[in-house]
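Novice: Sequences are here, hints too, so could you generate the full structure?
Same order as they appear, the protein sequences are chains A and B.
Counting in the numbering used here, the first sequence runs from 1 upward without gaps.
Counting in the numbering used here, the second sequence runs from 115 upward without gaps.
Watch out, some of these pointers could steer you wrong.
[As the list claims (entries may be wrong)] Taking lysine-lysine pairs in the BS3-like style, the calculated list, with each CA pair at most 27 Å apart, reads:
(1) Lys111/A <-> Lys61/A
(2) Lys178/B <-> Lys134/B
(3) Lys178/B <-> Lys101/A
(4) Lys101/A <-> Lys49/A
(5) Lys180/B <-> Lys134/B
(6) Lys180/B <-> Lys101/A
(7) Lys155/B <-> Lys169/B
(8) Lys111/A <-> Lys49/A
(9) Lys49/A <-> Lys155/B
(10) Lys134/B <-> Lys101/A
(11) Lys155/B <-> Lys180/B
(12) Lys169/B <-> Lys61/A
(13) Lys61/A <-> Lys49/A
(14) Lys49/A <-> Lys68/A
(15) Lys155/B <-> Lys128/B
(16) Lys180/B <-> Lys169/B
(17) Lys68/A <-> Lys101/A
(18) Lys128/B <-> Lys101/A
(19) Lys169/B <-> Lys134/B
(20) Lys101/A <-> Lys169/B
(21) Lys155/B <-> Lys134/B
(22) Lys128/B <-> Lys180/B
(23) Lys111/A <-> Lys128/B
(24) Lys178/B <-> Lys128/B
[To be verified] Across the chosen pairs, the derived CB separations fall in these ranges:
(25) Glu173/B <-> Glu66/A: 27 to 35 Å
(26) Lys68/A <-> Ile217/B: 18 to 26 Å
(27) Ser197/B <-> Lys68/A: 43 to 51 Å
(28) Gly53/A <-> Thr131/B: 21 to 29 Å
(29) His82/A <-> Met159/B: 25 to 33 Å
Hints were generated in silico from the structure; no laboratory data involved.
The model shown is predicted, which means the values in this text are computed figures rather than measured ones.
Just so it is clear, CB atoms sit at the ideal spot from N, CA and C, and this is done for glycine as well.
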Amino acid sequence: AQSVTQPDIHITVSEGASLELRCNYSYGATPYLFWYVQSPGQGLQLLLKYFSGDTLVQGIKGFEAEFKRSQSSFNLRKPSVHWSDAAEYFCAVVPTSGTYKYIFGTGTRLKVLA
Amino acid sequence: GAVVSQHPSWVICKSGTSVKIECRSLDFQATTMFWYRQFPKQSLMLMATSNEGSKATYEQGVEKDKFLINHASLTLSTLTVTSAHPEDSSFYICSARGGLISIGNEQFFGPGTRLTVL
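Specialist: Here you go:
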């Protein structure tokens, strides 16, 4: 079955430190890949997406993600975290055939220490 | 572009009443809209998928008589929670997908509606 795994439920980093949020998926082909951020009580904001081409994707707010086919991963990174980055982060994949529904990971809650 | 709105952003109602939540695509035509439910500190759970002019397709375990979905136009879908009870309290998020704007079947998400049933 298709699935998305975000192994880290909670991550705490100090402001200014680097960040990597992990996302692994289970799917037979390369899916469409997305990262979203959600602040408390808010909807989802798209950070970046990957469809094809260059495997290093740049997004908003200084985030980037790298697609690694061999590892079925799409990890999100930021070189220097700001206090305002504290939020919930969701990885989502969309299969390239079938119903094209989103499959969400369970999310990673990021806490930033001042 | 690709803005999705929801109304209301929050609603409090008494047990037994019905509540309607609207989801609108403001600057594109949404051929498909999705309704999600999110419990505190959890991921989004897909409730149903609706295509304009067709009956909604509900996910397993979602009561279609409890959660009525209507997608009457290419820019509007509504979710009506009928005879709401406290256990229906949750954060409801809609999303929309439409034609050429949805490369990679990207969905555009609304800001969510917080429902509290007393």
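Novice: Please go over all the hints and tell whether each is borne out by the structure.
Specialist: Status of the hints after comparison with the structure:
no.	hint	verdict
1	Lys111/A <-> Lys61/A	holds, 16 Å
2	Lys178/B <-> Lys134/B	holds, 14 Å
3	Lys178/B <-> Lys101/A	holds, 19 Å
4	Lys101/A <-> Lys49/A	holds, 15 Å
5	Lys180/B <-> Lys134/B	holds, 12 Å
6	Lys180/B <-> Lys101/A	holds, 22 Å
7	Lys155/B <-> Lys169/B	violated, 31 Å
8	Lys111/A <-> Lys49/A	holds, 23 Å
9	Lys49/A <-> Lys155/B	holds, 23 Å
10	Lys134/B <-> Lys101/A	holds, 24 Å
11	Lys155/B <-> Lys180/B	holds, 24 Å
12	Lys169/B <-> Lys61/A	violated, 39 Å
13	Lys61/A <-> Lys49/A	holds, 14 Å
14	Lys49/A <-> Lys68/A	holds, 14 Å
15	Lys155/B <-> Lys128/B	holds, 25 Å
16	Lys180/B <-> Lys169/B	holds, 15 Å
17	Lys68/A <-> Lys101/A	holds, 22 Å
18	Lys128/B <-> Lys101/A	violated, 33 Å
19	Lys169/B <-> Lys134/B	holds, 17 Å
20	Lys101/A <-> Lys169/B	holds, 17 Å
21	Lys155/B <-> Lys134/B	holds, 24 Å
22	Lys128/B <-> Lys180/B	holds, 16 Å
23	Lys111/A <-> Lys128/B	violated, 36 Å
24	Lys178/B <-> Lys128/B	holds, 21 Å
25	Glu173/B <-> Glu66/A: 27 to 35 Å	holds, 32 Å
26	Lys68/A <-> Ile217/B: 18 to 26 Å	holds, 22 Å
27	Ser197/B <-> Lys68/A: 43 to 51 Å	holds, 49 Å
28	Gly53/A <-> Thr131/B: 21 to 29 Å	violated, 51 Å
29	His82/A <-> Met159/B: 25 to 33 Å	holds, 30 Å
Checked against the numbered hints above, the structure violates hints 7, 12, 18, 23 and 28; every other hint is satisfied.
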